[in-house]
Amino acid sequence: MSRIKKSIFTNVDWPVVGMYLLLVLMGWLNIYATLYNEDHTSLFDFSQRHGKQLMWIGISIVVALVIALVDSRLFETFAYVFYGIGMFFLIAVLVGGNEIKGARSWFVIGGVSFQPSETAKYVTALAVAYYLSRPGVKIGNIKPKLIMFLMIALPGILIALQPDPGSTLVYLAFIFVLYREGMSGNIMIVGLVMVMLFIVTLFAKQSSVMMPFVDVEMNGKYVLISFLVLITGGLYLLLKNLNKNIWKAFAVGLLIMVGTVLSVDYVFDNIFKDRHRNRVNELVGIISDPRGTGYNQHQSKIAIGSGGFWGKGYLDGTQTKYNFVPEQSTDFIYCTVGEEWGFIGSSFVIITFLTLIGRLIFLAERQRSKFSRVYGYSVASILFVHFMINIGMTIGLAPVIGIPLPFFSYGGTSLLSFSILLFTFVKLDSDRKHLLS
Amino acid sequence: MDKFENRKFVIYGIMVLIGLIFIGRLFYIQVIDDSYKLSAENQALVHTTLYPSRGVIYDRNGEVIVYNQASYDLMVIPKQVDKDLDTLKFCGVLGISKDDFIKKMEKCRRYSRYRASAFEKQITDENWVSISGKLFQYPGFFGQKRTLRKYALPVAAQVLGFVGEASRDNINKDAFYRPGDYLGISGLETWYEKNLRGKRGVKVYKRDVHNRIMGSYREGKLDTLPVAGENLVSTLDLYLQEYGEKLMANKRGSIVAIEPESGEILALVSSPNYDPNMLVGRARSKNYSALASNDSLNPLFNRAINAVYRPGSIFKLVQGLIGLQTHVINLNTRILCKRSIIKCHGTHTNDNLFGAIQHSCNPYFREVYRRLIQGGEFSNIYDDSRYGLGVWRDYVTSFGLGVRLPTDISGVSKGFVPDVAFYNKWYGDGGWAFSTIYSNSIGEGEMGVTPLQMANLAAILGNRGYYYTPHFIKSIGDKGPREEYLKRNYTHIDSSYFYVVIDALAAVVNETGGTARRARMDSIIICGKTGTVQNPTTPDHSVFMAFAPKDNPKIAIAVYVEEAGFGGTWAAPISSLMIEKYLTGEIKRPAKEQRILDANFLIPVKKSNESH
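Order-wise, the sequence lines are chains A and B. Going by our numbering, the residue at position 335 of the first sequence is 335; the numbering climbs one at a time, nothing skipped. Going by our numbering, the residue at position 452 of the second sequence is 889; the numbering climbs one at a time, nothing skipped.
With the rest of the complex left out, here is chain B (with noise of 0.2 Å):
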């Protein structure tokens, strides 16, 4: 009807075209290029962390070891901060000088001048009450809640371990961690990190163009609670660990006392040792670096998982079972106290195992060590020893002495005992035979034990040949006994070559010139077992291994004082106050207690010739 009609095409076609291209952009900028809700994301929405508060550990008698206090860090938002902003007084609310203000300002921005940073961490509950009044005059400033450590008493430091912040090393290793994040750094803290740390929490603000908190987003459907991390039952005995800690004072050694039937590390004392508190908060970083370098002590060494020392004569109960198990001796086998080779001491000249271990027989146990080593299997000497220090070493492994317990702390050493490959090495293949290694029968040469294997030692004769894994933590929150704890390790000897030893062992303490009087209750039968680890220039370490009572043993004890002298001397009365102490929860000694809290082994004594 109209020529121009069929235009209406044109401009059909053209808005289509528009409608088309609209919708493709639309397209693109709202399903394919994600940039834009990320922008959004950081403009918008502000994601607040709340953080969790730490698992608490109790002791195994329901008494609480680590808690958790309050803490705040000052968070600052550089862009908001006050133009004019009066830094004399803020500095002085802070109690921080004007430098430290511009330095952290500096360091804040640097970060960021729209998100929130710590301009002050780890500000304690009571000045923070002082600091918060003031807050509302400073604008970009604001507290972020945290939570700091809190010991119930200043004990276990090296057992418990610290607390600091996640390193850009932690954050690089696992995801979990963010700037700013605590973890555990050394001891049970940082073993059980994984249960104690909990969950981050987060809630999610609206904020508007002028960066004011606007109410939550999504009616805080993004929103999560934090989840506090697992509390943790250990197997210590807070005031036995306390009293150990006690007597250890002005000492360097360590004490572990582990209860025989369950593997429970009921203490361990590792002296000189540091006030937990000092590691917590603002003070942590200037007092840690004042503890590892600048103390000659190493308070931070934990002497009685980690120090290595030769047993000494205890070993020799270790030698004495595998000669029975191996039949080498029986019960009525004497040998000659033959003191050319190898010295002896005290007058015994012919003695069977128990007279061997009660007068801690030098060449009885070097005899019994010739037949093991080097037993006649091979005609060739050397072939002879490469044979029996295997079968010996097999044994001597199976008490958990040269092999690493698996309790649940970092640091635990191996202790050390001398296999072929060792020795071979050493004096070349066929270079040695039991002549060149004999030191090893009487717990020297090589041999090297921690405090935590003597006790667990303790443990094995207490239990006449088996031992659980000694632990700290029972329970993780309320599950109660961890099956791997739950386990028996046998060592490769039948129980009833046991009991000879443990008679050895209680006459020790108990018989009349026994090496360990010291160590004697009138109540509870102790099983002990001096021993003295030799120095060349200094006095000798005073070693003592003990369990109580004889039968059904409820602790078995490992005992080292460095450079104090002979075992029965000072190590042997400790472990009795300790025993007594677990047993019957009070001391009834007082003089004993009192000369082992007056003796002080830190000032440097020359070697006296006072000996085993």
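Just chain A, with the same shape it has in the complex (with noise of 0.2 Å):
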């Protein structure tokens, strides 16, 4: 390789630049709508909303310049030290951080707020890319296993304590960068698995079922443990002369599937809290009370159900304003897009949201660096659960959990980390002739 002085935008890839400039202006342009109103139209009014995000902006921007200016190396170099940091800062926030509703996820200092759970995301995955990359760590064996689980686990736990689940529920985005890396798929089919029998039991155990010849009501939830040990059996019997050991398959299926339906109560009625159980409930429909617990979710619906085709046309939504729908500029600020731009505009916005996280795996795949490449994974992998959370939650589809949609929401830390995230890898995209492992 010639070291002739190059450009610091040699290779860089402009398409996930693009990308990123037009989701932060698409972000900003709907931070301003929900704001708007008559008496304040500045652009530029620091004292609102949308004043503050376009110098958040500003400030990404130099951040990303900056990030193109230090050594590539630096990252691999520093991964643990930033991580040590991070975590740091995760206990620190515990210890000293400013109470906000209810959570201690804020320090506040001189009017200007930092989140370390924002930052923790970043930090992780440097490490987790870090360890990965060692020369002989292998993923199939229990203790890197181990390291992995604890690495991901520690912010996870942390940020819970806080308490913010939605964020700890974040991590769950690297099950996508280990599967990538080789540890085994199934992990996926159980969670998957895991999810909808906990959604099925909490219907079932609604209802009892009288047993025919004893008289006996039994509780729904052991009907269905009755119908999985009976399918679970039934299946064995077809499919036990294929292979010896098949039945160790078996009974940790069966035993990972009864656990899951015996530990609903439990999960339910001492982890969850009581907003976390009606956000459950009322999303799967056991409860419907679009005033009182279901009144986020409802409004949201409503704001972007009611935009249409079209969408209402930018600054004239109504639901959007005045307050209908609630964290209209963070959380919720897809009902804005919803509202004003239509189907047409939704459906832009997940594409462009696609297409990003798309092209972002394709960049980690052609990495030669295997540091490089986990950490795309992981870029990509948090946009992505980011990504489908916070839209699912506005659309209906998943819980209400209150975690900022990429680029878009309000939130100067939320902006800066995901920025620093995201440049951080089109940094080490670009330097990848050089970035060896």
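Among the clues, some could well be false.
[What the hints assert, rightly or not] The list that follows gives simulated cross-link-like pairs (lysine to any residue, SDA-like), each with its CA atoms no further than 25 Å apart:
| hint | chain 1 | residue 1 | chain 2 | residue 2 |
| --- | --- | --- | --- | --- |
| 1 | B | LYS987 | B | GLN762 |
| 2 | B | LYS658 | A | TYR36 |
| 3 | B | LYS445 | A | ILE189 |
| 4 | A | LYS433 | A | TYR131 |
| 5 | B | LYS445 | A | ILE175 |
| 6 | B | LYS440 | A | TYR131 |
| 7 | A | LYS433 | B | LYS440 |
| 8 | B | LYS474 | A | LEU397 |
| 9 | A | LYS370 | B | ILE451 |
| 10 | B | LYS440 | A | LEU146 |
| 11 | B | LYS587 | B | LEU531 |
| 12 | B | LYS445 | A | ASN186 |
| 13 | A | LYS143 | B | ARG444 |
| 14 | B | LYS474 | A | TYR36 |
| 15 | B | LYS440 | A | ILE142 |
| 16 | B | LYS474 | A | TYR295 |
| 17 | B | LYS445 | A | GLY182 |
| 18 | B | LYS445 | A | SER347 |
| 19 | B | LYS445 | A | ASP431 |
| 20 | B | LYS445 | A | PRO135 |
| 21 | B | LYS445 | A | LEU192 |
| 22 | B | LYS445 | A | ILE142 |
| 23 | B | LYS445 | A | TYR131 |
| 24 | B | LYS658 | A | LEU315 |
| 25 | B | LYS540 | B | ASP519 |
These aren't lab readings, by the way, just hints derived from the structure by calculation. Remember, predicted model here, so these are calculated numbers, not experimental data.
Taking the hints as your guide, dock the two standalone chains into a single complex.
Following this line, the structure appears as structure tokens:
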């Protein structure tokens, strides 16, 4: 490789930068729209959220340029250091953070607030990438599995303690990364089955069935368990001749399934808070209370649904202004898109996000350095999980979980950390020819 | 290069799947399912109705008869009302009782807690001034501007009709109406409802989650201004109408005055009547039930178009004309006054048509009628009468009798002219002949005519053979003359036959000994005929029909005064005064006027022997 003096923009993947700018711009336009009223029309009013967001966009671009200037090996070298600092802040915020809305998630220093959980995703991604790229680390072995689990679970648990269960969920994103790096795919299937069983159990335990012959009323969840045992047993009897050891798989599977069903009560009653229970119940339709527990999601659906095919037109929304939808500029920013830009605009945002994420995976695959590849997958997966949960929540397909839509939602720390997350990978990608492992 | 690289396809697959699910879901809630759009409108938009002002009605000279005054409905959104509202103080402001307050509030709450409904309706401008000043202390209450009818003079109530709130029935029948809308309930107000009502406007406001108004929606693109109702130009002469009502005070009866050359109704009085202002605003329903049920004089009843009287002697004119047209008589035909079958009065013995009209000879017209009904077409008198009655009836109905005149007001009666089917039903087919029905000959028997038809008959005589449909509205807005009222309706009588009748009518009023001398004027030749509707126990109805001047008549009139006696005594002078008022603009015969004004026929009287 010739060390010709090159511009920092050489080899930068412009489609990614372009889509980033597009999303940031759309986000800003929609923040402006949610706050727009005839009294505050100035675009650059820094007392208003759209003004502040504009400032943060500027800062993010500056930081992106700084990242472009530093040596890309720095991220690899200092991965654990960053991780350590990140974890320190997560602990510090639990001790000395400001409690806002019942959660210790923020440091507020002189008017500027900082949310350590936003940066924790970044440092965890760096650390995971660094660990997996060490020679000799094979994900199939038990020790790396354990280390990986701890590395990802630590920030997750610390954030859960704030408590901010929504942000904890984001760490599930690493399942995609680990899967790509060779972890068994069964874990995803098991996860999916567990979620489905969880929901089925919620319904099943509502009802009870009169058993025939014996005069016993049996709770639905035991009926469900009986069915699971019968089906698993039946399948085993059918398939046992194929493989002698197949009974092990069936046994583990049955154990996990029955365990899930039995754990529903415990998780629901002891881990979930009231509002979490309500949100889940509301989502699956066990309760319906559009004025109470289901208010946010109901209003969100009204806003998006009322947009129609073409939308009501920019700044002509009615639901996303005037406080019908709570958290309009942050977690429910997508409502504004839905209402004012309609099906066309909302689909466009979804396609843009998926194109960006797809592009990131494509870029990740072309890395020669394993560090860069794992990191790239981490970025793509984190963005995807945010995207999936946030939009799923606004259109009533996921429970209400308060996490931002990347690049879109109002919030300085959030925008800055996603920008750093993304541009670190853009930097790694632009230097891919120099980074080998 | 890496054995797990193909797993990227699984990851791509998951992402595309999620993307498709999301887009599908969006398509469902945004494009297919309309319920969200509805919810959004309901919660974020406020539709405010802007009520149009109702069309104004002018008289024939451009004087305003009916116009509008501002009024206010006090609206309430129950949800926004202060929990600890000082009810007593608030009731004091409105002038209602606490029980009223609770009842009204409950009603509004039942309608909707979140939407405005009328708490108190039709508060007049004067009252509103004092209420609106204090309203700011009571959140949830606000005023909605409406309009109420106001009348320049307290006259023509039954013609104009009144305006009330749309009933459930009105709303179901016509999608135009919504609860709280006003519509015409009787008279011209209801006949011309579609012209008068105008079009509601709407103003759409955005509101926030706390129900605060946040400005107009989409810069008012969906807003519409109310369109005021069309004004109507009436044919009435407001001051003639007023004068007629003044003359008819303390009497039961009616006056109908028509301009013969156009069919325009100059005045239509039905007495007793009521002050139209009684049926406006908050007092309307109370006053209405008082007028409808508690008043034995039934002032809501429009006698002029709806009361059917036997036409009496006046009908002899029609008989004479039909006789001339069918050649059963000519101008020189004389008929002996044989008083054995039908009685008569006066000293005449063998009159021709002119004399018979002048003397109102009963045997003369009985004979004319016999020749019409039983003219010898068939040898069998029953067949002959059946045939004759049909022919006769065709002539009679061509005078607008026995048919519903298409006048622009509801409740116009047809009157009654008997036909073959009627008598067949009564006596059986072949059970009747001329001798059974001869009372019709002198306007008694089964004949029935309304005052409107009688005035129209006067117009026909004045026009020498045709009439225009009598009507009240000559122009909608400033569109000018109306096609449907420009058509001449010809009787089946040649105009040349009218002259003798008209000369006779002039003689009745102007010659010494004429029955209607009291109608005479020095300056104008009035042509008229008295009629007397006989009542079994009470005094007769006094009737007079006239037109003036004799040539190119400008006014045709019919006057009915119930239970007042002979036609020439009361109805004739009233007609004369009306004619004088209309044609000269002032009354130069104060004594004659005073006599009428002093007369009171509402006190029940026993039948006297004065007759004809």
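Checked hints:
1. B:LYS987 x B:GLN762: Given that 25 Å is the threshold and the Cα spacing comes to 22 Å, the pair holds.
2. B:LYS658 x A:TYR36: Given that 25 Å is the threshold and the Cα spacing comes to 19 Å, the pair holds.
3. B:LYS445 x A:ILE189: holds (16 Å)
4. A:LYS433 x A:TYR131: Since the Cα atoms of LYS433 of chain A and TYR131 of chain A sit roughly 21 Å apart, the hinted pair holds (cutoff 25 Å).
5. B:LYS445 x A:ILE175: holds (13 Å)
6. B:LYS440 x A:TYR131: holds (19 Å)
7. A:LYS433 x B:LYS440: holds (22 Å)
8. B:LYS474 x A:LEU397: Roughly 19 Å separates the two Cα atoms, so the pair holds.
9. A:LYS370 x B:ILE451: Holds, because 23 Å separates the two Cα atoms, which is no more than 25 Å.
10. B:LYS440 x A:LEU146: holds (23 Å)
11. B:LYS587 x B:LEU531: holds (23 Å)
12. B:LYS445 x A:ASN186: holds (16 Å)
13. A:LYS143 x B:ARG444: It holds: about 23 Å lies between the C-alpha atoms, which stays within 25 Å.
14. B:LYS474 x A:TYR36: holds (21 Å)
15. B:LYS440 x A:ILE142: Given pair LYS440 of chain B, ILE142 of chain A holds - Cα atoms ~20 Å apart, limit 25 Å.
16. B:LYS474 x A:TYR295: Holds, at roughly 17 Å.
17. B:LYS445 x A:GLY182: Distance of about 11 Å is within 25 Å: holds.
18. B:LYS445 x A:SER347: Distance ~24 Å between LYS445 of chain B and SER347 of chain A Cα, so the pair holds.
19. B:LYS445 x A:ASP431: Measuring from Cα to Cα gives roughly 22 Å; hence the hint holds.
20. B:LYS445 x A:PRO135: With a Cα-Cα distance of about 22 Å, the restraint between LYS445 of chain B and PRO135 of chain A holds, given a limit of 25 Å.
21. B:LYS445 x A:LEU192: holds (19 Å)
22. B:LYS445 x A:ILE142: holds (24 Å)
23. B:LYS445 x A:TYR131: Since the Cα atoms of LYS445 of chain B and TYR131 of chain A sit roughly 21 Å apart, the hinted pair holds (cutoff 25 Å).
24. B:LYS658 x A:LEU315: holds (14 Å)
25. B:LYS540 x B:ASP519: Roughly 17 Å between the alpha carbons, so the hint for LYS540 of chain B and ASP519 of chain B holds.
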